[in-house]
Structures are given as C-alpha cells and as structure tokens.
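Undergrad: Below are the chains, spelled out letter by letter.
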Amino acid sequence: MSRPLIIDWTACEGRGLCADLLPELIGQDKWGYPQSRSGRTVLVPPELERPARKAVHLCPRLALRLEADAKTRVTG
Amino acid sequence: MTMTAMTPAQGLRMPPDGPRLFAAPNPSLAAHFATYGAIPDVTPAQLLEQVHRSGLTGRGGAGFPTATKLAAVSGKAIVVANGAEGEPASRKDVELLRRAPHLVLDGVEVAARIIGAEQAYVYLRPEVIPVVQQALAERTGGLRITVEAAAEGFVSGQETAVVSRLNSGPALPRFSRYRIFQRGVGGKATLVQNVETLAHLALIARYGGLWFTTAGTADSTGTFLTTVGSSVWEVNHGMTLRQLLTSATGQPAEEWQAVLVGGYHGTWLPLPAALDAPLSREGLELYGTRLGAGVLIPLPSTACGLEFTASIAGYLAAQSAKQCGPCQFGLPELARNLHALAEGRGGTEVIRQTAGLVEGRGACHHPDGTTRMIRSALKVFADDVRLHQHGRCLARIAEPYGGAR
Chain Y
1 MSRPLIIDWT ACEGRGLCAD LLPELIGQDK WGYPQSRSGR TVLVPPELER PARKAVHLCP
61 RLALRLEADA KTRVTG
Chain W
1 MTMTAMTPAQ GLRMPPDGPR LFAAPNPSLA AHFATYGAIP DVTPAQLLEQ VHRSGLTGRG
61 GAGFPTATKL AAVSGKAIVV ANGAEGEPAS RKDVELLRRA PHLVLDGVEV AARIIGAEQA
121 YVYLRPEVIP VVQQALAERT GGLRITVEAA AEGFVSGQET AVVSRLNSGP ALPRFSRYRI
181 FQRGVGGKAT LVQNVETLAH LALIARYGGL WFTTAGTADS TGTFLTTVGS SVWEVNHGMT
241 LRQLLTSATG QPAEEWQAVL VGGYHGTWLP LPAALDAPLS REGLELYGTR LGAGVLIPLP
301 STACGLEFTA SIAGYLAAQS AKQCGPCQFG LPELARNLHA LAEGRGGTEV IRQTAGLVEG
361 RGACHHPDGT TRMIRSALKV FADDVRLHQH GRCLARIAEP YGGAR
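Protein chains in written order, with full-length UniProt numbering: chain Y, 1 to 76; chain W, 1 to 405.
What the hints contain is simulated information worked out from the structure, not anything from laboratory work.
Misleading hints may appear alongside valid ones.
As the list claims (entries may be wrong) - Straight-line C-alpha distance at most 20 Å; calculated SDA-like pairs for lysine to any residue:
{"hint": "1", "chain 1": "W", "residue 1": "Lys322", "chain 2": "Y", "residue 2": "Arg15"}
{"hint": "2", "chain 1": "W", "residue 1": "Lys188", "chain 2": "W", "residue 2": "Gly75"}
{"hint": "3", "chain 1": "Y", "residue 1": "Lys30", "chain 2": "W", "residue 2": "Arg352"}
{"hint": "4", "chain 1": "W", "residue 1": "Lys76", "chain 2": "Y", "residue 2": "Lys30"}
{"hint": "5", "chain 1": "Y", "residue 1": "Lys30", "chain 2": "W", "residue 2": "Glu333"}
{"hint": "6", "chain 1": "Y", "residue 1": "Lys54", "chain 2": "Y", "residue 2": "Gly27"}
{"hint": "7", "chain 1": "Y", "residue 1": "Lys30", "chain 2": "W", "residue 2": "Lys188"}
{"hint": "8", "chain 1": "W", "residue 1": "Lys322", "chain 2": "Y", "residue 2": "Lys54"}
{"hint": "9", "chain 1": "W", "residue 1": "Lys322", "chain 2": "Y", "residue 2": "Asp8"}
{"hint": "10", "chain 1": "W", "residue 1": "Lys322", "chain 2": "Y", "residue 2": "Arg61"}
{"hint": "11", "chain 1": "W", "residue 1": "Lys322", "chain 2": "Y", "residue 2": "Asp29"}
{"hint": "12", "chain 1": "W", "residue 1": "Lys188", "chain 2": "W", "residue 2": "Val131"}
To be verified - To be clear about the criterion: a stretch of chain Y counts as covered by chain W if any three or more of its residues have a C-beta under 8 Å from a C-beta of chain W, and this derived list gives those stretches:
{"hint": "13", "region": "8-20"}
{"hint": "14", "region": "25-39"}
Claimed, not checked - Residues of chain Y placed beyond 12 Å of chain W at every Cβ, according to the derived structure:
{"hint": "15", "residue": "Ser2"}
{"hint": "16", "residue": "Leu43"}
{"hint": "17", "residue": "Pro45"}
{"hint": "18", "residue": "Ala63"}
{"hint": "19", "residue": "Arg65"}
{"hint": "20", "residue": "Glu67"}
All C-beta atoms in this analysis are idealised placements derived from N, C-alpha and C, irrespective of residue type, glycine included.
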C-alpha cells in the first residue's frame, strides 16, 4: 500500500535532498522547493519506501514525514 | 406548541421576529435577556441534537458543519471564539460583537456545555475588547472566559494561527501532525468557532434546530451576516445578489460590472450575468463560488477589474507569513505579473503557471485562496485582458470620449 509523504512547508527550505533521493516522485520547482510529480500528495509505493525513509531521516530541515497509509489520514 | 408553553417565569421568550442576531436594542445584558430570554436547561446531548437539526455551518469562511465539529472534540477541551476577522473587507464580526456581545458569550457557554469544556478564550480585535469586557463583567457563571487580543494580519485568524497565539507563539499558521480538535491550546482538544457561528448557536440553544431552519434555504439554513462595501447586514440565505446589492448600496444593480464574493480569497462573478444568483451554498455552487465569511465587494463599471485584482494580489502577497516557500515567492510574483497585465505588458499564461506552483503547497490556505481569486479574475475580466494588451480599458469606455486617465 502506498504511504503519503507529507511536507512541512513551514520547515522546508528547498535544500533538494528529497528530490535527489526520490527522483521518481519528487522534482524541484523553479525556486528549488520539492514538487510532487503527480501534482498531488506524494504517495510512496512499497518499492520506494527505503529511499523515502532515508529522505525523512536525512532531510536537513526535518520537513518530511511518512504517514502510515492514505486511509488513516484525517482530512477536512 | 402554544405561545403560552414558553412562560416568562421560566425566563424563556419567543424568538424575535425579523433580524435574529441584531434584535436587541442595545448591547446590555438587560436588553439581551429582554429580547432573547434565558437558555433552557437541557442536556449537552439534547443541545447537540438541536445543532444537528439546525444545519448550522461555520460562518468564519470554511462553512464546515458545526455539529460535526462539536462532536469531534471531547475530554477536557477548550473553546475559542474567533473574532480575529483578518479580512480587511469584512466588518461583520466587529459589528456583531459591538451590538450583541452577550449572544456570542452565550454561544461560548453553549459550546462549552456541549463538549464539556471548562475553559474558553475569546480572541478579539482590539477595538471590541472594551465592549466584550464590559459584557463579561455583567455576567455571572462558572465558565472561565479569557479575553485575548488578536494579532494584526490577514492570516492571524486562521485556526492554527489562533491556537499558536494562545499558546504564546506567533500568530502564524502552524504545521502539526495533529489537528487542533485533537491537540490545540495547551495541548488540549480545542474547538475554534467564529463568533457569528457561536451567536447562532446561542439562538439554537433557545429556540431549537427546527426554528433555525425557518429562515434560509433547505441546504443553507438560517441567516448570515454579510459585509457589502462598508456596511453589515443580516440576511436570509437564498436572497439574490440583486436584492442584496441594491438594498445595501441604494444603487441600481446596473452600476456594477462584477462582484467579488467571499472576500479577498473569494471568486469574481460577472454582473449583470450573476445578479440572480441566490446567496446560498447550492445557489452559488452553480457559479463556482461560496459565501465564505459573507464579504461582497461590488466593482463599479467605472473601475478597472484588473487593476483592482492586482492591488488585492499585492496586499495578499504582503500578508504571506513567509513561512512556506511557494507562498513566499509565488504570491509576489503573481502580484507583479498582474500589475504588468493591468499595464498592458505580459500575458495570462505566466500567471496561470505560477498559480499552479503555489496551490496546495503551504501550511494554510492562503496560497489557494489567493489563486482562486486571481483565476476567477482572469476569467471574468477576460475582455479587459485583451483590451489592456492594446493599451485600452473597459472602465474608460464609461468616460466621455477622449477622457484620458
């Protein structure tokens, strides 16, 4: 099951590490901030969980969080 | 039920005819009780049931069902009455607090009773603090209500910003893994409600959910407060734009070329095309917009929609909390490109592209609200966009021939 990768925009400074580690899912916009390739919330499939977790741990701004799965998220 | 079923001896009154929120002759507690009577002594579950039945939705802008929000909070929760009214085009919360502070405070107590809260805050613009403090001094009751001054700024009334401020932090939107109904003020479950929503709640607690639905439409029940230009009105949901604009401004509806519905984060609607739009959720849905906090800004045919939109965008860019990159960099870029467009330089494509770069990419809805307003302007003022590219402007057609600005 895919897990949402949440970006804390208040912490992110566009260092670009997540785009380096997860190029399949994340690009960078013209200001350098992470940009979801799907245009929506970044969803991490099981085969990319390892680099995704690496991105969460190595993000110099601690701006990433990998959520359990899409269904448990409270929205609204 | 007969009229005599509600006897003055119980401190109960029949609901007022006409205006609901603005029915009392003055803001005193005596006038408040003479107008509305006391709140019946019923259980929290009964109160919540009436709120469900009323169909009341939040009047702060998001329009979320109040009963659902109340049901989501439990435990030793905190109630926050939000009167920050950061929208510069909105005056309704200030007007309500000046004229009916006890209705808002009653609403705080009712909300607290429903969710079992023992502590509450009223978060207010500085100019209404004296009237609310005077109202508090007139009251007796168990609930601890603390008055807090709202910070200046467009985003200061955003729920997470209010909670941050009450936690002695900056009045800026916050990112958290928890929702504030889970962890808010002091880490406790927190209910943040707009002051107008609470005032309606105070009336529902007295007269019931069914009574509430006797005004408005099936989907948008009750009355709502609206700011038109600089005046505040209480109107029934379902009234048409034409009725409201003509009675509020005293001018014929043909004077206007467009109206911004929902404030600076709202949507431009073309006039006269949208004049018969009913002011309700389902009515405005057809026009792709919603009431938000009830702000209507009519644009005279002698004003330039592009210039006005550019100036609002400039304001909103300046109001960015500058915490989130896409908003910090994208909004000023949007404002610059809109100014260029109004001056006949540049096109709309670059604006749409930048809008796409900021949407959904922030801790709050400031970027999304801003681009909604801008995108609607590009649609509604499309003719003017073309004219401006040739150094002309629709607003100037209204002037005598040769009338240069």
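Undergrad: None of the hints should be skipped; say for each whether it holds.
TA: Do the hints match the structure? See the list:
no., hint, result
1, Lys322(W) / Arg15(Y), "17 Å, holds"
2, Lys188(W) / Gly75(W), "8 Å, holds"
3, Lys30(Y) / Arg352(W), "15 Å, holds"
4, Lys76(W) / Lys30(Y), "46 Å, violated"
5, Lys30(Y) / Glu333(W), "12 Å, holds"
6, Lys54(Y) / Gly27(Y), "17 Å, holds"
7, Lys30(Y) / Lys188(W), "40 Å, violated"
8, Lys322(W) / Lys54(Y), "28 Å, violated"
9, Lys322(W) / Asp8(Y), "13 Å, holds"
10, Lys322(W) / Arg61(Y), "16 Å, holds"
11, Lys322(W) / Asp29(Y), "17 Å, holds"
12, Lys188(W) / Val131(W), "29 Å, violated"
13, 8-20, "holds (count 7)"
14, 25-39, "holds (count 6)"
15, Ser2, "18 Å, holds"
16, Leu43, "14 Å, holds"
17, Pro45, "21 Å, holds"
18, Ala63, "9 Å, violated"
19, Arg65, "7 Å, violated"
20, Glu67, "9 Å, violated"
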